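Once you've looked at the hints, dock chain B with the ligands against the given chain A.
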Amino acid sequence: MSRYIIRRLLLLVPVLLGVTFLTFALIRVIPGDIVTNMMGVTAANNAETRAKVLRELGLDRPMLEQYVWWLGRIVQGDFGYSFIHGGPVIDRIMRALPITLEMCLLSMVMALLIGVPLGVLSAVRRGRPIDYIARVFSLLGVAAPSFFIGTLIVIFGAIHFPNMPTLGYVPFFQDPLGNLARMFWPSLTFGIGIGAIILRYTRSSVLEVLGEDYIRTARAKGLSRFKVIFVHALRNALIPVITAVGVWTAFMIGGTVLIENIFAIPGVGRLVLGAIQNRDYPIIQATVLFLSFGVAITMLVADLLVAVADPRVKFA
Amino acid sequence: MTMLEIRDLAVSFATEGGTVRAVNGISYALKEGEVLGVVGESGSGKSVHALAVMQLLSPPAARVETGEIRFRGTDLLRLDDRAMRAVRGRQIGMIFQDPISSLNPVYTVGFQLCEVLRLHLGLSRRNATTCAAELLSLVGIPDARQRLASYPHELSGGMRQRVMIALAIACNPSLVIADEPTTALDVTIQAQIVALIKRLQRDMNLTVIWISHDLGVIAGLAQTVNVMYAGHIVERGPVRSIYKDPRHPYTVGLLGSLPRLDETVGGRLRSIPGRPPDMTQLPPGCPFAARCPQASERCGAGMPPVEDVGDGHSVRCWHWRDVVAARAA
Ligand SMILES: Nc1ncnc2c1ncn2[C@@H]1O[C@H](COP(=O)(O)OP(=O)(O)OP(=O)(O)O)[C@@H](O)[C@H]1O
Ligand code: SF4
Ligand SMILES: [Mg+2]
Numbered sequence: 001m002s003r004y005i006i007r008r009l010l011l012l013v014p015v016l017l018g019v020t021f022l023t024f025a026l027i028r029v030i031p032g033d034i035v036t037n038m039m040g041v042t043a044a045n046n047a048e049t050r051a052k053v054l055r056e057l058g059l060d061r062p063m064l065e066q067y068v069w070w071l072g073r074i075v076q077g078d079f080g081y082s083f084i085h086g087g088p089v090i091d092r093i094m095r096a097l098p099i100t101l102e103m104c105l106l107s108m109v110m111a112l113l114i115g116v117p118l119g120v121l122s123a124v125r126r127g128r129p130i131d132y133i134a135r136v137f138s139l140l141g142v143a144a145p146s147f148f149i150g151t152l153i154v155i156f157g158a159i160h161f162p163n164m165p166t167l168g169y170v171p172f173f174q175d176p177l178g179n180l181a182r183m184f185w186p187s188l189t190f191g192i193g194i195g196a197i198i199l200r201y202t203r204s205s206v207l208e209v210l211g212e213d214y215i216r217t218a219r220a221k222g223l224s225r226f227k228v229i230f231v232h233a234l235r236n237a238l239i240p241v242i243t244a245v246g247v248w249t250a251f252m253i254g255g256t257v258l259i260e261n262i263f264a265i266p267g268v269g270r271l272v273l274g275a276i277q278n279r280d281y282p283i284i285q286a287t288v289l290f291l292s293f294g295v296a297i298t299m300l301v302a303d304l305l306v307a308v309a310d311p312r313v314k315f316a
Numbered sequence: 001m002t003m004l005e006i007r008d009l010a011v012s013f014a015t016e017g018g019t020v021r022a023v024n025g026i027s028y029a030l031k032e033g034e035v036l037g038v039v040g041e042s043g044s045g046k047s048v049h050a051l052a053v054m055q056l057l058s059p060p061a062a063r064v065e066t067g068e069i070r071f072r073g074t075d076l077l078r079l080d081d082r083a084m085r086a087v088r089g090r091q092i093g094m095i096f097q098d099p100i101s102s103l104n105p106v107y108t109v110g111f112q113l114c115e116v117l118r119l120h121l122g123l124s125r126r127n128a129t130t131c132a133a134e135l136l137s138l139v140g141i142p143d144a145r146q147r148l149a150s151y152p153h154e155l156s157g158g159m160r161q162r163v164m165i166a167l168a169i170a171c172n173p174s175l176v177i178a179d180e181p182t183t184a185l186d187v188t189i190q191a192q193i194v195a196l197i198k199r200l201q202r203d204m205n206l207t208v209i210w211i212s213h214d215l216g217v218i219a220g221l222a223q224t225v226n227v228m229y230a231g232h233i234v235e236r237g238p239v240r241s242i243y244k245d246p247r248h249p250y251t252v253g254l255l256g257s258l259p260r261l262d263e264t265v266g267g268r269l270r271s272i273p274g275r276p277p278d279m280t281q282l283p284p285g286c287p288f289a290a291r292c293p294q295a296s297e298r299c300g301a302g303m304p305p306v307e308d309v310g311d312g313h314s315v316r317c318w319h320w321r322d323v324v325a326a327r328a329a
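Chains as they are written, first to last, in our numbering: chain A, 1 to 316; chain B, 1 to 329.
For reference, chain A alone in the conformation it holds in the complex:
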């Protein structure tokens, strides 16, 4: 298994090279001017100042050269300095990343808590009221954009739980309860959106598995309905769900930009959004690198979990 993991990680190298190179090229192509953002319009219009700033930032050199130079620094663990704030990029990322990770983790827990039990219930009570409720919920959850759900939740939270803060962020170690209370709402937003998707996957997967011959065998053995569902059906049914969860976690990492802005959470999403607005290249580049790495690791973990759940899967 460790050989498999190592090979997957090695395969990651070309992927990350591709992603970072694309980012590198794209942010230099989109309109907007870094010098204006740094020094203001007057200074940016002064040709001499402009040339000096560009030279200092290394932006006067050909893009490929810039990229190779950047790569060289990254390999040495040097992520450079923010164009705008001047501080080391890694500091800013290290401050934002745990916040985003916490939110993603809580959201996924929430999504699983919503999606899996409802999906199973909806499948085993197919055609009954609970099935219709679950299906309507999943339809709405999938169809409604997360900013819409997010806004509803902010309003709902503010009205019905006036004592529970909905916006902003406090570090966990400073105020654990306050932290969780604030993280609850954005995680719920994600949890509803992704939980709705997991519900659909779980429902159809459970329904499919319940029609399998080995389920009939389990019943023919005299097992209770509970055991048939939870021992024999669920594990098989969850195998495809794990892959889907992996994909949607990856998707969620991308979606943090939106949610973090709605709920004013200073995570990676906000960091990268601000950096894009400011054309703060080093921050954007490093963040994209971290996020792609996170996505890749998530997929790897999902694949490993599938292998744990399904003995037929061989690490090849």
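These aren't lab readings, by the way, just hints derived from the structure by calculation. Given the structure is predicted, the values throughout are model-derived calculations rather than measurements. Incorrect hints may have been included.
[Unchecked claim] Taking lysine to any residue pairs in the SDA-like style, the calculated list, with each CA pair at most 25 Å apart, reads:
1) A:Lys227 - B:Arg118
2) A:Lys227 - B:Gly122
3) B:Lys244 - B:Thr108
4) A:Lys227 - B:Leu123
5) A:Lys227 - B:Leu79
6) A:Lys227 - B:Asn127
7) A:Lys314 - B:Tyr151
8) A:Lys227 - B:Gly220
9) B:Lys244 - B:Glu68
10) A:Lys227 - B:Gly312
11) A:Lys227 - B:Gly216
12) A:Lys227 - B:Asp81
13) A:Lys314 - B:Glu154
14) B:Lys198 - B:Gly122
15) A:Lys314 - B:Lys198
16) A:Lys314 - B:Ser150
17) A:Lys52 - A:Leu64
18) A:Lys227 - A:Asp131
19) A:Lys227 - B:Ala149
20) B:Lys244 - B:Gly220
21) A:Lys227 - B:Arg126
22) A:Lys227 - B:Leu121
23) B:Lys244 - B:Gly157
24) A:Lys227 - B:Ile100
25) A:Lys227 - B:Ala62
26) A:Lys52 - A:Gly32
27) A:Lys227 - B:Asp80
28) A:Lys314 - A:Phe184
29) A:Lys227 - B:Asn172
30) A:Lys227 - B:Cys171
[Said to hold, decoys possible] Here are some, though not all, of the chain B residues that point toward chain A, as calculated from beta-carbon distances under 7 Å:
31) Leu56
32) Leu57
33) Gln201
[As the list claims (entries may be wrong)] Using C-beta positions, here's what the derived DEER-type ranges look like:
34) A:Phe172 - B:Arg145: 46 to 54 Å
35) B:Ala326 - A:Phe226: 53 to 61 Å
36) B:Arg298 - A:Leu139: 54 to 62 Å
37) B:Gly17 - A:Ala143: 32 to 40 Å
38) B:Gly17 - A:Ala264: 54 to 62 Å
39) A:Ile133 - B:Gly17: 27 to 35 Å
40) B:Thr66 - A:Ile133: 21 to 29 Å
Think of the CB as a built atom: it goes at the ideal place given N, C-alpha and C, for glycine as much as any other residue.
Coordinates of chain B with the ligands only, in the frame set by chain A:
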């Protein structure tokens, strides 16, 4: 002693295309230690009637319309779920057609065997493991102890069917229902599986319902044969009598010029021209009328009654005497 007695069993399925009348009032009795062969074309209700005995048909689509299924005197249809679960796997074991898909792919053979042993016999984990290994040896799986740790996909089809057999007989049941247990297997393996079940039947004095398309196998295994058509038992009798002296035109068609009783392999059912009737719209008379060479006007008008022709042989045909006469000529 009567092991199983089915009276007037009818099963239907509610489908989008209408109500499928899969089993239409069948009755028969099975003695302890008897091996019953059930033959008939695809769709004749063989599996459905077996699943009805096990009560593995899923409501609400499947419905037992009428009937009684008396197992050792108790009507299984009247048992609640809990009581029925104590019968399944414990008193009645079932072997299915496709061993590849009938074992749970994510659990080891040992787990799946121990599960049933612990459930019904209340064995400890340790004793269940020992017992499971013994069962695997009993069904002819070499290195039984090691095999307990195998997953189904690591075994061949024949080995998997042996595991299925081990599951079915694990708790020493009195009745075993085998629904085409060899159809999905290679010919050489088929003979081994038949021999295995034959041996187990003798050693454990099992009562067996053996559903098959293979008349040769039935001839070598069963004492009694039920011939099913469109959800009816159209002919039933001792195996010798059915093979040598079939009274129903459908049985005659199935057997063709076949069977010599010493024949053991290769006796597949002959195919009869025409197709079975639409099970959602069964004709009012004999369902075989459209394909029957003996059919007369009377056949279209009403379903023939069950007629006893002697020696425990019975038939449902208006013109069975003509069939006998035609053969004599
Ligand atoms: N779950 C179901 N829903 C609807 N119809 C069904 C269902 N199961 C069986 N049937 C129908 O019931 C009839 C009898 O089916 P059954 O499986 O008993 O046939 P069989 O004699 O076992 O055939 P085979 O030799 O192909 O196994 C068929 O017409 C079939 O289409
Ligand atoms: S009752 Fe008539 S149609 Fe039916 S099998 Fe007998 S002869 Fe044929
Ligand atoms: Mg069948």
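Tested hints:
1. Restraint check for Lys227 of chain A and Arg118 of chain B: the C-alpha separation of about 13 Å stays at or below 25 Å, so the hint holds.
2. For the given pair, Lys227 of chain A sits about 16 Å from Gly122 of chain B by alpha-carbon distance, which is consistent with the 25 Å threshold.
3. Between Lys244 of chain B and Thr108 of chain B the alpha-carbon distance is near 46 Å, which puts this suggested pair outside the 25 Å criterion.
4. About 18 Å separates the Cα atoms of Lys227 of chain A and Leu123 of chain B, which keeps this hinted pair within 25 Å; it holds.
5. For the proposed pair Lys227 of chain A and Leu79 of chain B, the alpha carbon gap of about 20 Å is at most 25 Å, so the pair holds.
6. Distance hint between Lys227 of chain A and Asn127 of chain B is fulfilled; the C-alpha atoms sit about 21 Å from each other, no more than 25 Å.
7. With a CA separation close to 13 Å, the supplied pair Lys314 of chain A and Tyr151 of chain B stays within the 25 Å bound.
8. Among the hinted pairs, Lys227 of chain A with Gly220 of chain B is inconsistent with the structure: their alpha-carbon atoms are about 39 Å apart, more than 25 Å.
9. For the hint pairing Lys244 of chain B with Glu68 of chain B, the CA-to-CA distance comes to about 32 Å; that exceeds 25 Å, so the pair is violated.
10. Annotation: proposed proximity of Lys227 of chain A to Gly312 of chain B is violated, straight-line Cα distance about 44 Å (limit 25 Å).
11. The straight-line distance between the Cα atoms of Lys227 of chain A and Gly216 of chain B is roughly 40 Å, outside the 25 Å bound, and the hint therefore fails.
12. This hinted pair checks out: Lys227 of chain A and Asp81 of chain B have alpha carbons roughly 14 Å apart, not beyond 25 Å.
13. A hinted pair counts as satisfied when its Cα atoms are at most 25 Å apart, and Lys314 of chain A with Glu154 of chain B qualifies at roughly 12 Å.
14. At most 25 Å may separate the alpha-carbon atoms for a hinted pair to count; Lys198 of chain B and Gly122 of chain B exceed this at roughly 28 Å.
15. For the given pair, Lys314 of chain A sits about 38 Å from Lys198 of chain B by alpha-carbon distance, which is inconsistent with the 25 Å threshold.
16. Straight-line distance between C-alpha atoms of Lys314 of chain A and Ser150 of chain B comes to about 14 Å, which keeps the hinted pair within the 25 Å bound.
17. For the suggested pair Lys52 of chain A and Leu64 of chain A, the alpha carbons sit about 20 Å apart, so the restraint of at most 25 Å is met.
18. Taking the CA atoms of Lys227 of chain A and Asp131 of chain A, the gap is near 21 Å; set against the 25 Å cutoff, the hint holds.
19. Under the criterion of a C-alpha separation no larger than 25 Å, the hint pairing Lys227 of chain A with Ala149 of chain B is consistent with the structure, at around 21 Å.
20. Among the hinted pairs, Lys244 of chain B with Gly220 of chain B is consistent with the structure: their alpha-carbon atoms are about 14 Å apart, no more than 25 Å.
21. In summary, the hint linking Lys227 of chain A to Arg126 of chain B is supported, as the alpha carbons are separated by about 21 Å, within the 25 Å threshold.
22. Taking the CA atoms of Lys227 of chain A and Leu121 of chain B, the gap is near 17 Å; set against the 25 Å cutoff, the hint holds.
23. The suggested pairing of Lys244 of chain B with Gly157 of chain B is violated, with an alpha-carbon distance near 35 Å, which exceeds 25 Å.
24. Annotation: proposed proximity of Lys227 of chain A to Ile100 of chain B holds, straight-line Cα distance about 22 Å (limit 25 Å).
25. With a C-alpha separation of about 22 Å, the suggested pairing of Lys227 of chain A with Ala62 of chain B holds against the 25 Å cut-off.
26. Of the supplied pair hints, the one linking Lys52 of chain A and Gly32 of chain A holds, its CA atoms being roughly 18 Å apart against a limit of 25 Å.
27. Distance hint between Lys227 of chain A and Asp80 of chain B is fulfilled; the C-alpha atoms sit about 18 Å from each other, no more than 25 Å.
28. The suggested pairing of Lys314 of chain A with Phe184 of chain A is violated, with an alpha-carbon distance near 38 Å, which exceeds 25 Å.
29. With a C-alpha separation of about 22 Å, the suggested pair Lys227 of chain A and Asn172 of chain B falls inside the 25 Å cut-off, and the hint holds.
30. A threshold of 25 Å between alpha carbons decides the hint, and for Lys227 of chain A with Cys171 of chain B the separation of about 19 Å falls inside it, so the pair holds.
31. For Leu56 of chain B, the interface hint holds, the least distance from its beta-carbon to any beta-carbon of chain A being 6 Å, beneath 7 Å.
32. A distance limit of 7 Å between C-beta atoms decides the matter here; for Leu57 of chain B the minimum to chain A is near 10 Å, and the interface restraint is violated.
33. For Gln201 of chain B, the suggested interface contact is broken, since its CB lies about 19 Å from the closest CB of chain A, more than 7 Å.
34. Checked against the hint of 46 to 54 Å, the pair Phe172 of chain A and Arg145 of chain B passes, with Cβ atoms roughly 51 Å apart.
35. About 58 Å separates the C-beta atoms of Ala326 of chain B and Phe226 of chain A, a value consistent with the hinted range of 53 to 61 Å.
36. In this structure the supplied range 54 to 62 Å holds for Arg298 of chain B paired with Leu139 of chain A, their Cβ-Cβ distance being about 58 Å.
37. Between Gly17 of chain B and Ala143 of chain A the beta carbons are some 33 Å apart, a value that agrees with the proposed interval 32 to 40 Å.
38. A beta carbon spacing of about 58 Å between Gly17 of chain B and Ala264 of chain A agrees with the range 54 to 62 Å that was offered as a hint.
39. Between Ile133 of chain A and Gly17 of chain B the C-beta distance comes to about 30 Å, which sits within the given range of 27 to 35 Å.
40. A beta carbon spacing of about 36 Å between Thr66 of chain B and Ile133 of chain A contradicts the range 21 to 29 Å that was offered as a hint.
In terms of the numbered hints stated before, the structure departs from hints 3, 8, 9, 10, 11, 14, 15, 23, 28, 32, 33, 40, listed from lowest to highest.
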